[in-house]
Amino acid sequence: MAVACPVDLDTRQLRSEVSKIYSRVVTEPDGKFHFHRGAAYAVEFLGYDPEELAALPAEATAPFAGIANPHHISPIHPGETALDIGSGAGMDLLLAAQRVGPKGKAIGVDMTDAMLERARASARALGLEQVEVRKGDATSLPVESASVDVVISNGVINLVPEKERAFDEIVRVLKPGGRLQLGDILLDVELSEDIRRNIDLWTG
Amino acid sequence: MVDVLNRLGLEDVCIVERFDCFRATTKEATARKYGVHGANIFGRKP
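Heads up: the sequence lines are chains A and B, in that order. Numbering follows the working numbering, in which position 6 of the first sequence is assigned residue number 362; successive positions increment by one, without gaps. Numbering follows the working numbering, in which position 44 of the second sequence is assigned residue number 48; successive positions increment by one, without gaps.
The set of hints was computed from the structure by calculation and includes no laboratory data. Watch out, some of these pointers could steer you wrong.
[Unchecked claim] Listed below are the simulated DSSO-like cross-link pairs for lysine-lysine, each with C-alpha atoms no more than 30 Å apart in a straight line:
1. A:LYS388 - B:LYS31
2. A:LYS376 - B:LYS37
3. B:LYS31 - A:LYS376
4. A:LYS388 - A:LYS491
5. A:LYS459 - A:LYS491
6. A:LYS388 - B:LYS37
7. A:LYS531 - A:LYS459
8. A:LYS376 - A:LYS388
[Stated by the list, open to error] If we take Cβ atoms under 8 Å as the criterion, some of the chain B residues that face chain A in the derived model are:
9. MET5
10. CYS25
11. GLY47
Positions of the beta carbon are idealized from the N, C-alpha and C atoms, including for glycine.
Between the sequences and the hints, there should be enough to build the whole structure, so can you do that?
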């Protein structure tokens with residue numbers, strides 16, 4: 357699997373396009389996109405618990421655009437520190453916060469202001485004081501080294517052009533024995549350089 | 005992806021589950037062509 361983007365890909369433009377698209381997901385979750393969104397999709401396609409999602413604010417679940425289910429991989433325990441990379445409107449982050457409980461911490465990192473504000477508001481609405489939302493991106497996490505028990509992420513790393521740096525950051529922030537519970541895109545075939553250079557295909 | 009995570013030194017790396025997340029979207033045909041799907045992946049830092 358190729359993990360680096362072509363050298364002439366404009367990564368700044370790519371980040372800008374990704375940010376625009378996912379900001380639009382927040383403001384128009386029922387708009388036209390090439391990917392599914394929302395709680396019903398998460399339940400039907402990805403196996404999320406409908407009762408858990410029904411208990412979250414619609415503002416957190418409607419823009420959900422993950423492509424897997426990190427909560428299905430391994431339990432997240434009370435008292436742990438969880439980090440959600442690309443936390444978006446906060447659905448996975450809020451579920452993680454409920455699992456770690458008041459003695460734990462759930463940190464969300466996202467590069468999109470609209471998503472950060474949405475996740476903060478939902479955490480406040482649920483009274484989840486263990487939630488911290490920080491602006492940043494996967495290649496430079498605003499998180500102390502060896503401080504995290506479990507890193508989760510859902511459909512984000514595939515959008516990062518410098519994947520090796522993102523994975524280095526994940527290893528840096530995990531405690532020894534810490535877990536990566538990653539939901540992401542896999543491909544069965546190697547993509548050509550032309551396809552990997554096409555920003556429209558990166559962002560949909 | 006599994007190879008990359010193994011190279012980084014993570015242990016117990018595995019694909020736990022796969023998801024047909026582009027089914028019934030406008031990109032379904034492209035996803036089928038390239039075998040694009042969602043997956044749950046696990047790894048542990050030694």
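Here is what the structure says about each hint:
{"no.": "1", "hint": "A:LYS388 - B:LYS31", "result": "holds, 12 Å"}
{"no.": "2", "hint": "A:LYS376 - B:LYS37", "result": "holds, 27 Å"}
{"no.": "3", "hint": "B:LYS31 - A:LYS376", "result": "holds, 19 Å"}
{"no.": "4", "hint": "A:LYS388 - A:LYS491", "result": "holds, 27 Å"}
{"no.": "5", "hint": "A:LYS459 - A:LYS491", "result": "holds, 23 Å"}
{"no.": "6", "hint": "A:LYS388 - B:LYS37", "result": "holds, 22 Å"}
{"no.": "7", "hint": "A:LYS531 - A:LYS459", "result": "holds, 18 Å"}
{"no.": "8", "hint": "A:LYS376 - A:LYS388", "result": "holds, 14 Å"}
{"no.": "9", "hint": "MET5", "result": "holds, 6 Å"}
{"no.": "10", "hint": "CYS25", "result": "holds, 4 Å"}
{"no.": "11", "hint": "GLY47", "result": "holds, 4 Å"}
Violated hints: none; the structure is consistent with every hint.
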